[in-house]
Amino acid sequence: MEPLLEVKNITKRFGGLTAVDNMDMEVFPGEVVGLLGDNGAGKSTLIKVISGVYHADAGTIFFEGKEVRIDNPMHALRIGIETLYQDLALAENLNVYANIFLGREKLKRFLGLINVLDHDYMLNESKKVLDRLEIEVPSLKNQIRTLSGGQRQAVAISRSIYWNAKFLIMDEPTAALGVAEQKNVLDLVKTLSSQGVPVIIISHQLHDVFSVATRLVIMRRGKKVAERITKDTTTDEIVGLIVGSLPGDYGDVNDGAKETAQVDKETGLVDEGQEGKQ
Amino acid sequence: MMDNKNLSKILIGIAGRWTLIFLALEIIFFSIFGTNYFSLKNLQNILLASTTVLLLATGETFVIITGGIDLSVGFMVGFSGVICAKVMVTLQAAGASQAVAISSGIIAALLLGLLPGLVNGLLVAKLRVPPFIATFGMLGIAYGFAEIICNNVPIMGLPTSVGSIGHGYLIYWLPGKVFAFLQKPENLTRLELQNLVPIIPNVTVITAIVIGIFAFILARTKFGQHTYAIGGSMDAAERAGINVKRHLIKVYMISSFFASLAGVTYVLRFITGRAPAGSARLLDAVVAVVIGGASLYGGTGTILGTVIGALIIGALETGLVNLGIPTYNLYIAVGCILIFAVLVDQFFPELVRKE
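Here the protein sequences come in this chain order: W and G.
By my numbering, the letter at position 262 of the first sequence is numbered 262, and the numbering carries on one by one without gaps.
If you count the second sequence from 1, you need to add 1000 to reach my numbering.
Chain W with its partners taken away, still in its complex shape (with noise of 0.2 Å):
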C-alpha cells in the first residue's frame, strides 16, 4: 500500500537552532500514527512544517503520491491536509452548522434579487455528517459555547470531514476534556480511521496514544528516534525512548550533548506556542 503522506529528510532550523534534524515518516490510509515526545523534541515544528505554518528548510513532502510545497495553511487545507489545535478555532457565538459552513456558507437566491444563508439546507447537510460520525450533539442549533468539550471537538472534527479532509493531525485533542469526554473523542478518531481518513495523534497522555493508534513514532531533540507497532509494546519502553533513558533505533542523538541541550532549550521556545499550553 502507498502511504497517503511521507515526508522525507525534513529539516527545520530556527537561526542556528535545529528543531527538526531530518525526519523521516510515513502516514497510510486509515492508520492512527502517535506522534510522541517530550516538550521541545520537534513535534509541533514538524506538524507545522505539514500544515504549512512552517517551510522546511530542507526535505521533500509527498502527499497521495505526489511532491507537494505547502505553502500556507490554507493550501494545507486545500489539499486535505487538517490539523485541529487545541483551541479548535470555532466562533463560539454560532451555531453548530454556521461552524460547520464558517467561510463556505451555502447562499440561496432570495425575491431572485440577493444571497442570502440557506440555513436549511447547511443544517441538513451537517445533521448527515455527523450522523455519519455517529456523533451526538443535543442540537445543531446551538450556539458552540453551550457544548462541551469533547462535542466542540466532534464538530470541529465534522467540519474538516465534510470539507473532504483527506487527512487529520490532532494536536493534545484530549488535553482539555472529561473522562467520559476523552473516550468519546478517541472513538471518533477510530471511526475516522475505519472510514479511511488516517490520523496522526500527538499527546502526552500515553494511555491515550495506546489506546488508538495503530503505530507510534517517537521524537527526541528534534529526530526520530523509533518506530514500534502499538500491540509490539509497552507504556514502559515508549517512555525511556521518550525521555532519552533507552537508546533509539538510529544511534544516539545525545551525542553532543552539551551543543544539543542548548538546541532542545531553544527548540522548546519556539514550540511553546503549542506545547507550553499543557
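To be clear, the hints were calculated from the coordinates, so they are not data collected in a lab.
Among the hints, erroneous ones may be present.
As the list claims (entries may be wrong) - Derived lysine-lysine pairs resembling DSS-like cross-links, with alpha carbons at most 30 Å apart: (1) G:K1222 <-> W:K106; (2) W:K8 <-> W:K231; (3) W:K106 <-> G:K1245; (4) G:K1250 <-> W:K106; (5) W:K183 <-> W:K128.
Based on these hints, arrange chain G on the given structure of chain W.
Chain G only, in chain W's frame:
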C-alpha cells in the same frame, strides 16, 4: 410545580424581551402623566427626535458585534453635515439649481463621510490600533475638519427646498377628503390646512429604509454571518478563510456611512450645518446598541434590538421634555443604563447571550 429549567427559560425569555416591555411601559407612563404624549403627532416626534441615534446606533451595532467600538460617529455627524451644507450653499451661490445643489451636497457628504471609516478600518485592521484609540483620534480629527470647513460658524442660507424635504411627510391626509403623497395638497383653505394630518416624516422614511436594508444584511447574508463570526473569534474567522481585515474595514465604513447619513438628515431637519451637531449622541448610540442586547465584548447584537434601544432613549427624552423635566437628566439616566447593562453582561452573560 415549576421546575428550575422552566423558570430560567421564562426568565431568559423575559430578559430577551424586556426592552420591548420597557418601551411599552415608558410610553404608557408618559401617556398617563404627560400631555398629549400618546398622539400621532407626538409619536412621530419621537421617531424624528430619534433619527440621529437610530442611524448612529445601527452603524455602531456592526462595529460592536465585531468586538470593536466607533467613538468617532458623534462628531462625524457634524463633519458630514457641514460638508453637505457647504456644498449646497456654494453651488447655490454659483448659480446651480436647487435640485443640483441639494443632491450634490448629499452625495458629497455621503462619499466624503466614508473616508473617516476607511481610515478607522485601516488603522484597526491593518495596523492593529485598538478601535478605542483609532476612533477616538478620528473623533478629534473629524471635529477639527468640520470647524475648518464651516469657519467656526454654523452654515446658513441653504436652498429653501432643503426644509421642505426635511420637514415634509410621506402622506398628507385631510380626514374624509384627500390623501396626498410627499407634497401638501394644493388649494386648501386655512382651516383645511389646520386639519391636515401629516403621516410619517420623510426623514423617518429614509431612516427606516436604510436601517431595514442593513438589518437584512446583518441577519440574513454571508456578510452578516462573518460579522458575527469575527466578533465570536477573530482567529476562527481567519482560519475559516474569511478576509478579516477587509471585513473590518467595511464594517468601520458602514459605521461612518450611517454617521454621514445622520449628518445629512440633520441638515435636512435643521436647515443648517453645525460642526458639533450630533456630538452628544455618541453616548446615546452606544447605549442604544447595548440596551438592544449587544455585548461590548462582541459577537452578539441585532438591529431590531438596537432600534428598540434607540426608541427607548427617544421616548424617554421626549417624555422628559413633555413633563418639563430638564433633559440633562437624560444623560444621567443613559449613563447609568450603560454601566448597568455592561454589569449585567459581565455577571449574567446567559441573559444577554441567548440563542
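Compare the distance between the alpha carbons of K1222 (chain G) and K106 (chain W) with 30 Å, and conclude whether the hinted pair is satisfied. holds, 9 Å
Check whether the Cα positions of K8 (chain W) and K231 (chain W) lie no farther apart than 30 Å. holds, 26 Å
For a C-alpha distance cap of 30 Å, please report whether K1250 (chain G) and K106 (chain W) respect it. holds, 22 Å
Is the hinted pair K106 (chain W) and K1245 (chain G) satisfied, with a Cα-Cα distance of at most 30 Å? Judged against 30 Å, a Cα distance of about 22 Å means the pair holds.
Just to be careful, I want the Cα atoms of K183 (chain W) and K128 (chain W) compared with a cutoff of 30 Å; is the pair within it? At roughly 22 Å apart (the allowed maximum being 30 Å), K128 (chain W) and K183 (chain W) satisfy the hint.
In summary, the structure agrees with every hint in the numbered list given earlier.
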